[in-house]
Amino acid sequence: EPEVTQTPSHQVTQMGQEVILRCVPISNHLYFYWYRQILGQKVEFLVSFYNNEISEKSEIFDDQFSVERPDGSNFTLKIRSTKLEDSAMYFCASSEILGTGYTFGSGTRLTVV
Amino acid sequence: SQQGEEDPQALSIQEGENATMNCSYKTSINNLQWYRQNSGRGLVHLILIRSNEREKHSGRLRVTLDTSKKSSSLLITASRAADTASYFCATEAAGNKLTFGGGTRVLVKP
Chain A
0 EPEVTQTPSH
10 QVTQMGQEVI
20 LRCVPISNHL
30 YFYWYRQILG
40 QKVEFLVSFY
50 NNEISEKSEI
60 FDDQFSVERP
70 DGSNFTLKIR
80 STKLEDSAMY
90 FCASSEILGT
100 GYTFGSGTRL
110 TVV
Chain B
1212 SQQGEEDPQA
1222 LSIQEGENAT
1232 MNCSYKTSIN
1242 NLQWYRQNSG
1252 RGLVHLILIR
1262 SNEREKHSGR
1272 LRVTLDTSKK
1282 SSSLLITASR
1292 AADTASYFCA
1302 TEAAGNKLTF
1312 GGGTRVLVKP
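Going line by line, the protein sequences match chains A and B.
Counted the way my numbering counts, the first sequence spans residues 0 to 112.
Counted the way my numbering counts, the second sequence spans residues 1212 to 1321.
Honestly, the hints are just simulated from the structure, not real lab data.
Cβ atoms here follow ideal geometry from the backbone N, Cα and C, with glycine treated the same way.
Please note that a few of the clues may not be correct.
Below, in silico cross-link-like pairs of lysine-lysine (DSSO-like), each with a Cα-Cα straight-line distance of 27 Å or less [claimed, not checked]: (1) A/K77 to A/K41; (2) B/K1280 to A/K41; (3) B/K1280 to B/K1320; (4) B/K1267 to A/K41; (5) B/K1237 to B/K1267; (6) A/K41 to B/K1281; (7) B/K1320 to A/K41; (8) B/K1237 to A/K56; (9) B/K1267 to B/K1281; (10) A/K56 to A/K41; (11) B/K1237 to B/K1280; (12) B/K1237 to A/K41; (13) B/K1281 to A/K56; (14) A/K41 to A/K82; (15) A/K56 to A/K77; (16) B/K1280 to B/K1267; (17) A/K56 to A/K82.
Residues on chain B that point at chain A, a partial pick, calculated with CB under 10 Å [to be verified]: (18) Y1246; (19) H1256; (20) L1259; (21) L1272; (22) T1288; (23) T1295; (24) E1303; (25) L1309; (26) T1310; (27) G1312; (28) G1313; (29) G1314; (30) L1318.
Using the sequences provided together with the hints, build the complete structure.
So this is what it looks like as structure tokens:
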């Protein structure tokens, strides 16, 4: 069964450093997303991406965050200057058609120290 | 309560028993989805029910949706130890994003 692949599975970074989280969505999917889950809290929407541009973003997704689809397969989330409160599990997801459910990756656990 | 709240927060049952968990939400939705998350792992899509549907089945899963009460339930029949996980409801309204609830932690004891 097709999977959404995320790398790395765990990243530790120092506060103030830039991090790039990588995702390979399912190949025929057109809609891409990033969500995050702070330990013990709800899964929160960050951003959706379609047709090479952001279609929606949450309040969390401020100027420190950016997304990119640099080629036909990768979808990346960049955090420009990490803060302690950015520590969370970050999930990438993709969907083929709106309203049909999402396929999530296994997540990247980001720890900012 | 916020959009997508599960009840109970935790559930402990014996293998073979049924597990029922509920989800309430506040705004109009296009669909409601249930996901499973094993500890520290990714979210696995279980089932999607559209706002014009009332009940849906998938294997041992049964989902109901009552839009008049803004609530949904997930029933897992004949539970197995492998069903131990957290279960989340997520609503999708206008705009293609999910709003998740806090989840129900299910422990199935062998």
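Query raised in the report: So which of the earlier hints does this model not fit?
Result: 3, 21, 22, 23, 30
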